[in-house]
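Colleague: All letters in the sequence shown, in the order written, are residues 1 to 270 by the numbering used here.
It is possible that part of the hints are untrue.
Unchecked claim - Below, simulated SDA-like cross-link-like pairs (lysine to any residue); rule was C-alpha separation at most 25 Å, straight line:
1) 87 to 65
2) 156 to 121
3) 87 to 130
Bear in mind the hints are in silico, worked out from the structure with no lab data behind them.
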Amino acid sequence: MSKEKNSYEGSISSSYKNKELLKITIILGIIAAVVTGMFLTGMFLASPWWTIPIEWIYFVYLGFIIFYSLFLAIIILVYVYYWAYVKNFTYTISEDHIIIRHGIFTRIVATIPYSRIQNINIVNGVFDRMFKTFTVKIETAGSEGYIPEGYIPGLKDPYIIEKKIKEMMMKFSAVPSGLEDKIFKPEELAFDNFISYILSKMREGEKLKTSITELREKASLSAAELAEKVGVPLQTINYLVEGRYNPSLALAYRIAEVVQCKIEDLFKLV
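Taking the hints into account, I'd like the entire structure generated from these sequences.
Modeller: This is the structure:
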């Protein structure tokens with residue numbers, strides 16, 4: 001893992017390729033054994049072996065050669081596939097989000113804001129232990145499917161990544177100076193509404209309804225200028241406007257400061 005401008009980049013171990021190749025080889029071996037056993041059993045039960053024409057035996061040998069050559073070709077293709085998969089798999093842990101790049105035929109770039117992360121799991125299965133690798137699964141709000149949105153397999157030391165992600169999450173969600181004395185004041189009911197609204201949307205995985213575009217235009221700022229003044233990528237502002245990104249308290253406070261409004265005015269509470 002390398003560090004550059006407060007971001008951490010890394011790739012997965014080549015042991016992941018060997019692990020997946022072993023799994024496929026075992027599955028193909030079982031299939032080959034079952035098919036061969038069933039074929040030979042059926043052939044010898046149909047008629048005694050000494051009555052089988054010699055031509056048939058040649059065809060059987062040829063069939064086995066083709067059958068096992070096909071299996072060998074599959075293993076080679078699997079090896080090439082996972083070699084390319086490992087080569088193309090990279091991840092970046094930045095100050096605002098995690099970026100995971102992977103894919104061979106279809107290149108995928110998954111951007112995960114820290115505000116959407118709900119849990120980090122480290123998996124070490126039977127085959128993982130054989131090759132001393134781990135899988136990090138990052139569960140996010142609103143994600144669906146068997147494989148989580150944040151999926152990083154084939155890691156030799158996953159605890160470094162877990163530590164870096166948690167450090168960034170703590171930094172990202174820290175309350176800025178000047179705001180501490182306002183958070184829990186009973187009279188700040190609008191602010192309390194903002195907190196409950198954000199938390200409910202994070203839990204339900206729904207999109208936020210924002211007023212950021214209107215407030216930005218009222219302040220005569222472009223999206224790029226707002227992103228620069230707040231100190232986040234333009235993509236983060238776009239996600240906020242689209243309602244795809246649940247902001248941290250610190251980020252919402254910085255945006256409210258730049259567009260000169262109350263923090264609760266950034267969102268349409270419904």
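Colleague: Decide, hint by hint, whether the structure agrees.
Modeller: Now for the hints, and whether the structure bears them out:
With a C-alpha separation of about 33 Å, the suggested pairing of residue 87 with residue 65 is violated against the 25 Å cut-off. Proposed proximity of residue 156 and residue 121 is supported: the alpha carbons are some 15 Å apart, at most 25 Å. Proximity of residue 87 to residue 130 is assessed by CA-CA distance (about 21 Å); at most 25 Å being required, the pair is judged to hold.
Of the numbered hints stated above, the single one contradicted by the structure is hint 1.
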